[in-house]
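Chemist: Protein chains in written order, with our numbering: chain V, 15 to 129; chain U, 8 to 122.
None of these hints come from the bench; they were simulated from the model. Just so you know, even glycine gets a beta-carbon here, dropped at the ideal spot from N, CA and C. Check each hint, because a few of them may be wrong.
[Claimed, not checked] Now the stretches of chain V that chain U is said to cover, found in silico as 3 or more residues with beta-carbon under 8 Å: (1) 53 to 64; (2) 107 to 115.
[Stated by the list, open to error] Below, simulated DSSO-like cross-link-like pairs (lysine-lysine); rule was C-alpha separation at most 30 Å, straight line: (3) K80(U) <-> K55(V); (4) K113(V) <-> K62(U); (5) K113(V) <-> K80(U); (6) K115(V) <-> K77(U); (7) K85(U) <-> K113(V); (8) K78(V) <-> K55(V); (9) K55(V) <-> K77(U); (10) K115(V) <-> K80(U); (11) K80(V) <-> K55(V).
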Amino acid sequence: GAVVSQHPSWVICKSGTSVKIECRSLDFQATTMFWYRQFPKQSLMLMATSNEGSKATYEQGVEKDKFLINHASLTLSTLTVTSAHPEDSSFYICSVGSKAKNIQYFGAGTRLSVL
Amino acid sequence: AQTVTQSQPEMSVQEAETVTLSCTYDTSESNYYLFWYKQPPSRQMILVIRQEAYKQQNATENRFSVNFQKAAKSFSLKISDSQLGDTAMYFCALQEETSGSRLTFGEGTQLTVNP
Numbered sequence: 015g016a017v018v019s020q021h022p023s024w025v026i027c028k029s030g031t032s033v034k035i036e037c038r039s040l041d042f043q044a045t046t047m048f049w050y051r052q053f054p055k056q057s058l059m060l061m062a063t064s065n066e067g068s069k070a071t072y073e074q075g076v077e078k079d080k081f082l083i084n085h086a087s088l089t090l091s092t093l094t095v096t097s098a099h100p101e102d103s104s105f106y107i108c109s110v111g112s113k114a115k116n117i118q119y120f121g122a123g124t125r126l127s128v129l
Numbered sequence: 008a009q010t011v012t013q014s015q016p017e018m019s020v021q022e023a024e025t026v027t028l029s030c031t032y033d034t035s036e037s038n039y040y041l042f043w044y045k046q047p048p049s050r051q052m053i054l055v056i057r058q059e060a061y062k063q064q065n066a067t068e069n070r071f072s073v074n075f076q077k078a079a080k081s082f083s084l085k086i087s088d089s090q091l092g093d094t095a096m097y098f099c100a101l102q103e104e105t106s107g108s109r110l111t112f113g114e115g116t117q118l119t120v121n122p
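Chain U with its partners taken away, still in its complex shape:
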């Protein structure tokens, strides 16, 4: 069965600094997708970034980038130039190609950006 693990329940960072959130996963499939979702205090889930497992190049979206290590089954999120609005719960998620769009979520990491 697929699993997603986020080992950092809470993290904090100073505004304008860089922070990295960790995620490891396990799957027996060769084709899958990995996601980072953000859930701010409003509780609306927002897609931050998406990575296709068959692509070696790490995905980037403005200040957000990932370090995808397929062999190690690791998928960390780096947030550069942290902003107060980045304060949120961040969830790592795995979608196997044969799962019919089902997502498996990690436990989440609460990130606080301090002024």
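So that you can see chain V by itself, here it is in the shape it has in the complex:
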């Protein structure tokens, strides 16, 4: 069964609005989750590391105020794309790391289309 649940799978929004994506760890408590962005036919680009109970760690070049991450519990991290614009249209994927197994489990991804 699924280890990570990501919702929604597809969202269409108008330019200027905000969109929230949820990532839930179903099988274990996760102190750390990861958010990736993927453009068509390209690799996954790490955007940020979500830390439970503290601020997220953003990769260089990723706007903190644009991509808000909240990791309020050990099973839920959210990514909010604020004031979305067409260039934010992409595929966003979250993952949960199992320290016991040294494996990352991925959500099914969210396709964001900004009109």
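Once you've looked at the hints, dock chain U against the given chain V.
Modeler: Structure of chain U alone, referenced to chain V:
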């Protein structure tokens, strides 16, 4: 900084044949993990196989096996008896032990299995 390189953007193979996907990496650490992930058209990332750097024995998972050459920093994936369902983008990834579960991905190889 750690890097992962996949030099084959696309590959194709006939059903039931064997194919090998290449991956090279660079890291200054002695303890790390290597992975092959598969991303089919559904875009769900699926773990194919995992190798711990301190283990000399090559990992195998049914039809999937790796050729891990630590000195050469090479980590190729062999798929035997290729099936149509193996058609996907394959990503090689590196996780350093001190990275806090962060993965570094290669550019990916699009594999097409032809009937």
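Chemist: All hints, please: hold or fail.
Modeler: For each hint, the structure was consulted:
no.: 1; hint: 53 to 64; verdict: holds (count 6)
no.: 2; hint: 107 to 115; verdict: holds (count 4)
no.: 3; hint: K80(U) <-> K55(V); verdict: holds, 25 Å
no.: 4; hint: K113(V) <-> K62(U); verdict: holds, 18 Å
no.: 5; hint: K113(V) <-> K80(U); verdict: holds, 24 Å
no.: 6; hint: K115(V) <-> K77(U); verdict: holds, 21 Å
no.: 7; hint: K85(U) <-> K113(V); verdict: holds, 27 Å
no.: 8; hint: K78(V) <-> K55(V); verdict: holds, 25 Å
no.: 9; hint: K55(V) <-> K77(U); verdict: holds, 29 Å
no.: 10; hint: K115(V) <-> K80(U); verdict: holds, 23 Å
no.: 11; hint: K80(V) <-> K55(V); verdict: holds, 24 Å
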